[in-house]
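Please take these sequences and the hints and turn them into a complete structure.
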Amino acid sequence: MRWTLKPKPELSKIRYLAESLKVEDTIATLLLQRGIDTYEAAKQFFRPSLTDLHDPFLMKDMDKAVARIEHAIAKGENILVFGDYDVDGTTSVALMSSYLKTRIDTVATYIPDRYEEGYGVSIKGIDFAHDNDFSLIIALDCGIKAIDKVVYAKEKGIDFIICDHHRPGAQLPDAVAILDPKRDDCQYPYDELCGCGVGFKLVQALALNDGKSIEDLTPYLDLVATAIGADIVPITGENRTLAYFGLQVINEQPRAGIKAIIDQTKKTEMTITDVVFIVAPRINAAGRMEHGNYAVTLLTEEDETLAQTYAAQIEQFNSDRKEADQQITQEALLQIEEFKEQERLTSVVYHETWHKGVIGIVASRLIETYYRPTLVFTKSGDRLAASARSVSGFDVYNALQACSQHIEQFGGHKYAAGLTLKSENYEAFKQAFEDEVSNTIDRALLTPEIKVDMTINFDDISPKFYRILKQFAPFGPGNMAPIFMTENLQDTGYGKCVGGDDKHLRITAKQGHSQQIVGIGFNLGDKCELITDKKPFKAVYSIDENHWQGKVSLQLKLRDIKP
6 MRWTLKPKPE LSKIRYLAES LKVEDTIATL LLQRGIDTYE AAKQFFRPSL
56 TDLHDPFLMK DMDKAVARIE HAIAKGENIL VFGDYDVDGT TSVALMSSYL
106 KTRIDTVATY IPDRYEEGYG VSIKGIDFAH DNDFSLIIAL DCGIKAIDKV
156 VYAKEKGIDF IICDHHRPGA QLPDAVAILD PKRDDCQYPY DELCGCGVGF
206 KLVQALALND GKSIEDLTPY LDLVATAIGA DIVPITGENR TLAYFGLQVI
256 NEQPRAGIKA IIDQTKKTEM TITDVVFIVA PRINAAGRME HGNYAVTLLT
306 EEDETLAQTY AAQIEQFNSD RKEADQQITQ EALLQIEEFK EQERLTSVVY
356 HETWHKGVIG IVASRLIETY YRPTLVFTKS GDRLAASARS VSGFDVYNAL
406 QACSQHIEQF GGHKYAAGLT LKSENYEAFK QAFEDEVSNT IDRALLTPEI
456 KVDMTINFDD ISPKFYRILK QFAPFGPGNM APIFMTENLQ DTGYGKCVGG
506 DDKHLRITAK QGHSQQIVGI GFNLGDKCEL ITDKKPFKAV YSIDENHWQG
556 KVSLQLKLRD IKP
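Residue 6 is where the sequence shown starts when you use this note's numbering, and the numbers rise one by one after that.
There could be a bad hint or two in this list.
Claimed, not checked - The list that follows gives simulated cross-link-like pairs (lysine-lysine, DSSO-like), each with its CA atoms no further than 30 Å apart:
| id | residue 1 | residue 2 |
| --- | --- | --- |
| 1 | Lys-435 | Lys-419 |
| 2 | Lys-345 | Lys-327 |
| 3 | Lys-187 | Lys-69 |
| 4 | Lys-539 | Lys-27 |
| 5 | Lys-384 | Lys-456 |
| 6 | Lys-161 | Lys-217 |
| 7 | Lys-106 | Lys-217 |
| 8 | Lys-345 | Lys-384 |
| 9 | Lys-456 | Lys-532 |
| 10 | Lys-508 | Lys-539 |
| 11 | Lys-345 | Lys-508 |
| 12 | Lys-562 | Lys-13 |
| 13 | Lys-556 | Lys-264 |
| 14 | Lys-327 | Lys-384 |
| 15 | Lys-543 | Lys-475 |
| 16 | Lys-540 | Lys-508 |
| 17 | Lys-562 | Lys-540 |
| 18 | Lys-48 | Lys-11 |
| 19 | Lys-129 | Lys-501 |
| 20 | Lys-129 | Lys-69 |
| 21 | Lys-27 | Lys-13 |
| 22 | Lys-217 | Lys-65 |
| 23 | Lys-456 | Lys-361 |
| 24 | Lys-361 | Lys-435 |
| 25 | Lys-187 | Lys-65 |
| 26 | Lys-264 | Lys-501 |
| 27 | Lys-345 | Lys-435 |
| 28 | Lys-327 | Lys-540 |
| 29 | Lys-106 | Lys-80 |
| 30 | Lys-11 | Lys-361 |
| 31 | Lys-18 | Lys-65 |
| 32 | Lys-562 | Lys-532 |
| 33 | Lys-27 | Lys-567 |
| 34 | Lys-456 | Lys-27 |
| 35 | Lys-272 | Lys-327 |
| 36 | Lys-161 | Lys-106 |
| 37 | Lys-456 | Lys-515 |
| 38 | Lys-48 | Lys-27 |
Worth flagging that the hints you see were computed from the coordinates, not collected in a lab.
Here you go:
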């Protein structure tokens, strides 16, 4: 691991903010590193308000989208809510369909089959709409590149409204309205919304048009927070406000489907991390292993008993998903070794039998072993389909764009993308991708990085300090949990390896004559020798609470240690 210490803000700015807020310099420094440099900005950060949300009509085409939907409601048209099969897509569909059903009865949902139809707007979905007299399709978390599909729908007399957050191509579809804050001609103040976030802005606009307030939409925010966590979008600005209030809904009054998932975990309070690692994988498992419709059914069900039944189904899908991704990960690692590709700058692996629903997870798993841009391919019909994942700081979408002569279609983000290509182009693409990454990547990015907010001493750590740190949540990209570094540490003699195979490290450390603090380092068991015999060491860590036998104490969540 390489440790990168973030630049320290100007001392005058630290002092000004510390005095304005009546806080320690350490807290002021952390705020300045997050772009918070005034009393008002800090107030908005620590005390988010739904009134902080931007006017949805600032988004390009929002007026057109609202007008078309209001016309459909007035005329009693059949509306089809179409979305992707992942968490962002299924929460978007659950959100939009639930809201529209409070206004009109003639609303149905459609999630494409991952295996038969693939990602995004499908011909089969449009045919379904035509055969069942739907005159309007609202596409969520997809559609920004569905140029031919929108033409096909128009020929059948079906209008499209697209709500997407992926990067547009050079040409936009000929839809009635395209809501995408990443459009070059969109002046919306915040462009990092997830698909469900864009869908929520449309619901917000419809509600405002109907004389409702933002508070009336609070019950939908558990869906938005789940999508924000699952899609790994920055938890800054509007996303942070939506996640903050969405977590309140999840913890106080979640919808029946989310409550049923939480009930299986026995968790008493959910953080955004719990949403990412507990709720999201289960919702995702439906589309990965069976069909995304299971997720929409769970998330829209109002009867708690039925929701428990649906959640049990999805729990089984998640168990199947875990087995599949573990097996495929092992096979992929063996393939890298067999082809002697350990020293390459990319991982590109393929087997025709690998389960398409888990190749994205497998790509992430491979990065844990070989930290480099990674693609995992499988057979999908008469094509090969892949999920791409990247390392921090490297734009895999741009790399794919540079290899587009070998690709049939692709889409996604900086760190995650999907693509399809003809099988005969696989080897050429694999080499082109390796060449592109080799020519463009900063070699330092191939070593995992820990970004350290600041250096502190153990005497800076107190219950009051931690109480303020907790108010920095919800954490995520753009607002990660603060990471600190402390030097000149010694273990007091109680440090040891713990867990199966001595995989983890537990220390009780002090700095000079400071207080002693316990630290736990998961997967740091191989560092045990660095702390023995009271050898001095330094550590990077976040601060956490340990609850044990009714007692609460502060502990370090170790990220790494060095001599």
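Structure-based check of all given hints:
For the proposed pair Lys-435 and Lys-419, the alpha carbon gap of about 19 Å is at most 30 Å, so the pair holds. At roughly 27 Å between alpha-carbon atoms, Lys-345 and Lys-327 fall within 30 Å of each other, so this suggested pair holds. Note on Lys-187 and Lys-69: the hinted pairing holds, with a Cα-Cα distance of about 18 Å set against a maximum of 30 Å. Between the alpha carbons of Lys-539 and Lys-27 the distance comes to roughly 38 Å, so the proposed pair goes past 30 Å and is violated.
For a cut-off of 30 Å, the pair hint linking Lys-384 to Lys-456 is broken: about 38 Å separates their Cα positions. Between Lys-161 and Lys-217, the direct Cα distance comes to roughly 35 Å. Violation of the 30 Å bound is thereby established for this hinted pair. Restraint check for Lys-106 and Lys-217: satisfied, since their Cα atoms lie roughly 15 Å apart, inside the 30 Å limit. For the proposed pair Lys-345 and Lys-384, the alpha carbon gap of about 23 Å is at most 30 Å, so the pair holds.
The straight-line distance between the Cα atoms of Lys-456 and Lys-532 is roughly 20 Å, inside the 30 Å bound, and the hint therefore holds. The straight-line distance between the Cα atoms of Lys-508 and Lys-539 is roughly 21 Å, inside the 30 Å bound, and the hint therefore holds. In summary, the hint linking Lys-345 to Lys-508 is supported, as the alpha carbons are separated by about 28 Å, within the 30 Å threshold. Distance check on the hinted pair: Lys-562 and Lys-13 sit about 23 Å apart at the alpha-carbon level, within 30 Å; holds.
Straight-line distance between C-alpha atoms of Lys-556 and Lys-264 comes to about 28 Å, which keeps the hinted pair within the 30 Å bound. Restraint check: the Cα-Cα separation between Lys-327 and Lys-384 comes to about 20 Å, which is no more than 30 Å; the hinted pair holds. Our distance criterion of 30 Å between C-alpha atoms is met by Lys-543 and Lys-475, whose separation comes to about 24 Å. Straight-line distance between C-alpha atoms of Lys-540 and Lys-508 comes to about 21 Å, which keeps the hinted pair within the 30 Å bound.
Of the pairs offered as hints, the one joining Lys-562 and Lys-540 holds, with about 20 Å between alpha carbons and a cut-off of 30 Å not exceeded. Using a Cα cut-off of 30 Å, the hinted pair Lys-48 and Lys-11 holds, with the two alpha carbons roughly 24 Å apart. Using a Cα cut-off of 30 Å, the hinted pair Lys-129 and Lys-501 is violated, with the two alpha carbons roughly 59 Å apart. A threshold of 30 Å between alpha carbons decides the hint, and for Lys-129 with Lys-69 the separation of about 26 Å falls inside it, so the pair holds.
About 20 Å separates the Cα atoms of Lys-27 and Lys-13, which keeps this hinted pair within 30 Å; it holds. A threshold of 30 Å between alpha carbons decides the hint, and for Lys-217 with Lys-65 the separation of about 22 Å falls inside it, so the pair holds. A hinted pair counts as satisfied when its Cα atoms are at most 30 Å apart, and Lys-456 with Lys-361 does not qualify at roughly 33 Å. With a C-alpha separation of about 19 Å, the suggested pair Lys-361 and Lys-435 falls inside the 30 Å cut-off, and the hint holds.
Proposed proximity of Lys-187 and Lys-65 is supported: the alpha carbons are some 10 Å apart, at most 30 Å. Straight-line distance between C-alpha atoms of Lys-264 and Lys-501 comes to about 39 Å, which puts the hinted pair past the 30 Å bound. The hinted pair formed by Lys-345 and Lys-435 meets the criterion: a straight-line CA distance of about 15 Å does not exceed 30 Å. Of the supplied pair hints, the one linking Lys-327 and Lys-540 is violated, its CA atoms being roughly 41 Å apart against a limit of 30 Å.
Of the supplied pair hints, the one linking Lys-106 and Lys-80 holds, its CA atoms being roughly 15 Å apart against a limit of 30 Å. Distance hint between Lys-11 and Lys-361 is unfulfilled; the C-alpha atoms sit about 39 Å from each other, more than 30 Å. At most 30 Å may separate the alpha-carbon atoms for a hinted pair to count; Lys-18 and Lys-65 exceed this at roughly 37 Å. Simply put, Lys-562 and Lys-532 have alpha-carbon atoms about 15 Å apart, close enough for the 30 Å limit, and the pair holds.
Between Lys-27 and Lys-567 the alpha-carbon distance is near 35 Å, which puts this suggested pair outside the 30 Å criterion. A distance of roughly 27 Å separates the Cα atoms of Lys-456 and Lys-27; the hinted pair therefore holds under the 30 Å criterion. A C-alpha spacing of about 21 Å is found between Lys-272 and Lys-327, which places the hinted pair at or below 30 Å, so the restraint holds. A hinted pair counts as satisfied when its Cα atoms are at most 30 Å apart, and Lys-161 with Lys-106 qualifies at roughly 25 Å.
Distance hint between Lys-456 and Lys-515 is fulfilled; the C-alpha atoms sit about 23 Å from each other, no more than 30 Å. Taking the CA atoms of Lys-48 and Lys-27, the gap is about 12 Å. The hint holds against a cut of 30 Å.
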